[in-house]
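**Student:** Residue numbers (the numbering used here), protein chains in the order written: chain B, 309 to 533; chain C, 26 to 283.
Honestly, the hints are just simulated from the structure, not real lab data.
Keep in mind the model is a prediction, meaning the values are calculated, not measured.
For each residue, glycine too, the CB sits at the ideal point set by N, CA and C.
Do not take every clue at face value.
Ranges between beta-carbon positions, derived for each pair [unchecked claim]:
id, chain 1, residue 1, chain 2, residue 2, range
1, C, Arg109, B, Phe369, 33 to 39 Å
2, C, Val279, B, Trp427, 39 to 45 Å
3, B, Trp427, C, Arg99, 25 to 31 Å
4, B, Trp358, C, Asp244, 43 to 49 Å
5, B, Trp358, C, Gln216, 19 to 25 Å
Using 20 Å as the maximum straight-line C-alpha spacing, the simulated DMTMM-like pairs for lysine to aspartate or glutamate come out as follows [stated by the list, open to error]:
id, chain 1, residue 1, chain 2, residue 2
6, C, Lys168, C, Glu153
7, C, Lys195, B, Asp443
8, B, Lys355, C, Asp47
9, B, Lys355, C, Asp34
10, C, Lys169, B, Glu467
11, B, Lys355, C, Glu108
12, C, Lys253, C, Glu108
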Amino acid sequence: MFWDWSYVWEIMPTLLRASVVTIQATLLGFVLAAVLGLVMAILRMSKSQWISVPTAAVIEFIRSTPLLIQIFFIFFVFPEFGIVLPALTAGVIALGLHYGAYCSEVYRAGLESVPRGQWEASIALNLSPYITFRDIIIPQAIPPVVPALGNYLVALFKETPLLSAIAVLELMQTAKILGSENFRYVEPITLVGAFFLVMSLVASVFIRQVESTLNRSLRNPGGGQ
Amino acid sequence: MTTPMVKFDNVTKRYGSLTVLDSLNLEIAANEKVAIIGPSGSGKTTVLRMLMTLERINDGVIHVDGEPMTHMERNGALVPADERHLRRVRGNIGMVFQHFNLFPHMSALKNCMEAPIHVLGMPRREAEERAAELLDMVGLGDKKNHYPSQLSGGQQQRVAIARALAMRPKVMLFDEVTSALDPELVGEVLQVIRKLAKEHSLTMLMVTHQMGFAREFADRVCFFHSGKIAEQGAPDKIFNDPQEERTRQFLSAVLEAG
């Protein structure tokens with residue numbers, strides 16, 4: 309038979325447990341990417357070339373090398389320098405770094421879209437650079453780029469199967485193991501594909517939700533009076 | 026003679042090969058109201074922007090309240106000011122912009138509380154009380170929870186004035202504050218500035234195209250032309266009996282249009 313339902317029910321619990329790891333890796337990786345991306349974007353805008361140029365170089369380097377190689381590097385090469393990381397941690401760091409570099413470009417677009425007058429008003433009010441970023445610039449820079457950041461969240465999610473290469477027991481790795489144990493790959497691989505499809509769609513809806521909430525609050529913040 | 030509140034000492038500003046201000050010398054006494062007029066490109070807005078430290082100067086020194094602002098003393102010599110020095114001296118100055126530049130994600134009240142809390146270190150309650158008082162003063166006490174997008178241009182500009190005042194500046198700069206407003210909204214903003222001039226001891230510098238207002242409000246009018254003060258004096262003198270041909274030409278062009 310091409311499709312065996314009893315086999316599906318048998319492997320479902322194992323796959324669901326593995327999906328928790330996939331979701332963990334996605335969320336942790338994205339939080340790291342979102343934070344690192346913002347830091348990189350701000351460093352890149354620095355007036356000092358000693359900061360902005362190296363930052364730009366690092367971003368370009370990360371974006372121009374494959375994620376899989378970065379994962380391998382962190383997991384297999386870092387130990388040579390005495391940094392031994394568990395597979396999941398190494399994977400999350402690699403995802404966070406890689407997507408952080410992409411997110412930094414998105415943030416940069418958002419930061420540059422804040423009108424110059426906002427910076428000038430901040431100087432005129434004598435706000436420190438830190439307060440200017442925290443209270444004035446970032447709250448205006450982020451809402452417009454939420455859709456683009458959301459795309460990267462979905463993209464990152466769909467790249468988590470790469471972590472199977474360093475034997476993180478996420479969905480793909482688990483499906484491969486199940487397949488090789490039972491000599492049946494159709495069901496586990498199909499289920500994994502379906503899971504990614506469903507979760508991506510859910511994430512898209514969620515992101516659209518966040519986007520419209522942010523848009524509403526920016527156009528008419530606090531509901532107005 | 027008492028120390029001037031603001032003193033431009035041979036200040037030059039260039040953009041590339043273009044000299045916007047050419048060895049400007051200007052002294053403004055404490056509490057003096059000065060109107061700056063002139064054709065566009067004459068450098069008048071640059072004067073305010075340099076004083077607010079939004080533009081670096083290429084030559085000369087600007088003093089504020091008897092202290093060099095663009096420079097600081099180190100081992101008896103004047104060296105260009107560092108960020109810390111700028112931040113300290115800049116606290117004396119407030120500015121209102123042509124395009125208001127309110128923070129769109131904050132209510133009118135929050136706009137006026139942000140800097141007092143984070144720069145002056147004022148407790149939140151006190152900052153809120155003061156912000157509410159200032160919004161009352163500009164006639165917007167009932168709109169303090171509105172966001173800039175819910176306010177008219179004239180109302181936004183009045184919030185911007187309150188926001189600048191919240192920092193208790195000694196010098197207030199007004200950069201074409203009515204130029205972006207619909208004509209029927211100009212009056213309410215000028216009314217607030219008039220009130221300020223009367224009730225507060227503030228040194229005020231105003232770049233304006235409102236000749237009528239400049240005449241009534243200012244103690245002194247400076248006419249800028251090609252990066253220099255071509256003529257200055259009491260408003261009556263400048264408007265009724267200008268000595269310079271360029272001043273006459275400018276005034277007749279402006280008054281004809283207005």
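**Student:** Now look at each hint and say whether the structure bears it out.
**Tutor:** Structure-based check of each hint:
no., hint, verdict
1, C/Arg109 x B/Phe369: 33 to 39 Å, "holds, 35 Å"
2, C/Val279 x B/Trp427: 39 to 45 Å, "violated, 32 Å"
3, B/Trp427 x C/Arg99: 25 to 31 Å, "holds, 28 Å"
4, B/Trp358 x C/Asp244: 43 to 49 Å, "holds, 48 Å"
5, B/Trp358 x C/Gln216: 19 to 25 Å, "violated, 50 Å"
6, C/Lys168 x C/Glu153, "holds, 14 Å"
7, C/Lys195 x B/Asp443, "violated, 26 Å"
8, B/Lys355 x C/Asp47, "violated, 27 Å"
9, B/Lys355 x C/Asp34, "violated, 28 Å"
10, C/Lys169 x B/Glu467, "violated, 48 Å"
11, B/Lys355 x C/Glu108, "holds, 13 Å"
12, C/Lys253 x C/Glu108, "violated, 29 Å"
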